[in-house]
Amino acid sequence: MTDIYSSERGERLVQQRYRELLDSWPVRHERRHVQTRQGDTFVVVSGPQEAPPVLLLHGSTTNAVMWMGDVVTWARDFRVYAVDVIGEPGLSAPARPPLGSDAYAGWLDDVLAGLGLSTVSIVGASLGGWLAVDYATRRPDRVERLALLCPGGIGRQKYGVLLLVLLLLPFGKWGRRTALRLYLGRPQETAPTPQLAKYLEFMQLVQRHFRPRRGLPVFDDATLRRLTMPTLVIAGEKDAVLDSADTQRRLTATAPHATVHLLPGVGHFPAGQAAPIHEFLRMARVP
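Residues 1 to 287 (our numbering) are what the sequence shown spells out, left to right.
Read the hints as simulated data drawn from the structure, not as lab findings.
Every value quoted in this text rests on a predicted model; they were computed, and no experiment measured them.
Every residue, glycine too, gets a C-beta built ideally from N, C-alpha and C.
The reader is advised that the hints may include incorrect statements.
Restraint-style ranges between C-beta atoms, simulated for each label pair [said to hold, decoys possible]: (1) PRO264 / GLY39: 39 to 47 Å; (2) ARG32 / GLY265: 32 to 40 Å; (3) ARG139 / MET283: 18 to 26 Å; (4) ASP246 / ASP23: 36 to 44 Å; (5) GLN16 / ALA253: 40 to 48 Å; (6) THR119 / SER24: 25 to 33 Å; (7) GLU50 / PRO212: 33 to 41 Å; (8) PRO98 / THR119: 36 to 44 Å; (9) GLN157 / SER6: 20 to 28 Å; (10) ARG76 / ARG32: 35 to 43 Å.
Could you put the whole structure together from the sequences, leaning on the hints where they help?
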């Protein structure tokens, strides 16, 4: 058992359910394993082989299945690489090098090399948004465009809801369901699809057995000024985890190529953003 799970049984249950969900991946795909300095990295690859590459980096306590509602749209025009982030409940290595070091940039260098990619656009959510910003500011020549959903490390982190979530988790299924609802807030979609419902059910299973990371380093202004590529940020105005208004304020002051959209009434889970992100990514290819 790896120490990112609370038990061997929990690890088996999460990975078994993940593999079942992968079997319903909505478009033709292939599954790859890339060797990196941090260990094996699992990637789901979709879309036309010669299409422009887009790397997907999911949030904390999840894996590539968070993109199943979006990949149908993006894989029409892009070669999409949904990466299982190391140290998260996917099929990649359980390694968790220190956040804020250059270890994650080195890991992504190895991922890109293993996939045969020199430059990419990146879509990242929450923790994945943090990883995308970290990489783009360290390797700006390798990142064409950034699309970030509720990215960590920019706006202030809020701790009140996180403390309440920790208190609720021991109270069985009801506690986990309530904690997840508080953490994610109201999604953009008013009527969840069956696919979204399955994903949220999976998230409750992960909550029960997985040990998440605690907190993300905050980027300073000098680092954010290195975001020289076109950047789209979509965040929930009612995000209970991150201060979205602070995210908007800081990027407006430091990143002239960033556009920030705050979704009214939406929390930390702005589902239903495949179309605007697709349009943003296509802007690099449309005269």
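Status of each hint after checking the structure:
no., hint, result
1, PRO264 / GLY39: 39 to 47 Å, "holds, 42 Å"
2, ARG32 / GLY265: 32 to 40 Å, "holds, 39 Å"
3, ARG139 / MET283: 18 to 26 Å, "holds, 21 Å"
4, ASP246 / ASP23: 36 to 44 Å, "holds, 40 Å"
5, GLN16 / ALA253: 40 to 48 Å, "holds, 46 Å"
6, THR119 / SER24: 25 to 33 Å, "holds, 31 Å"
7, GLU50 / PRO212: 33 to 41 Å, "holds, 38 Å"
8, PRO98 / THR119: 36 to 44 Å, "violated, 27 Å"
9, GLN157 / SER6: 20 to 28 Å, "holds, 24 Å"
10, ARG76 / ARG32: 35 to 43 Å, "violated, 21 Å"
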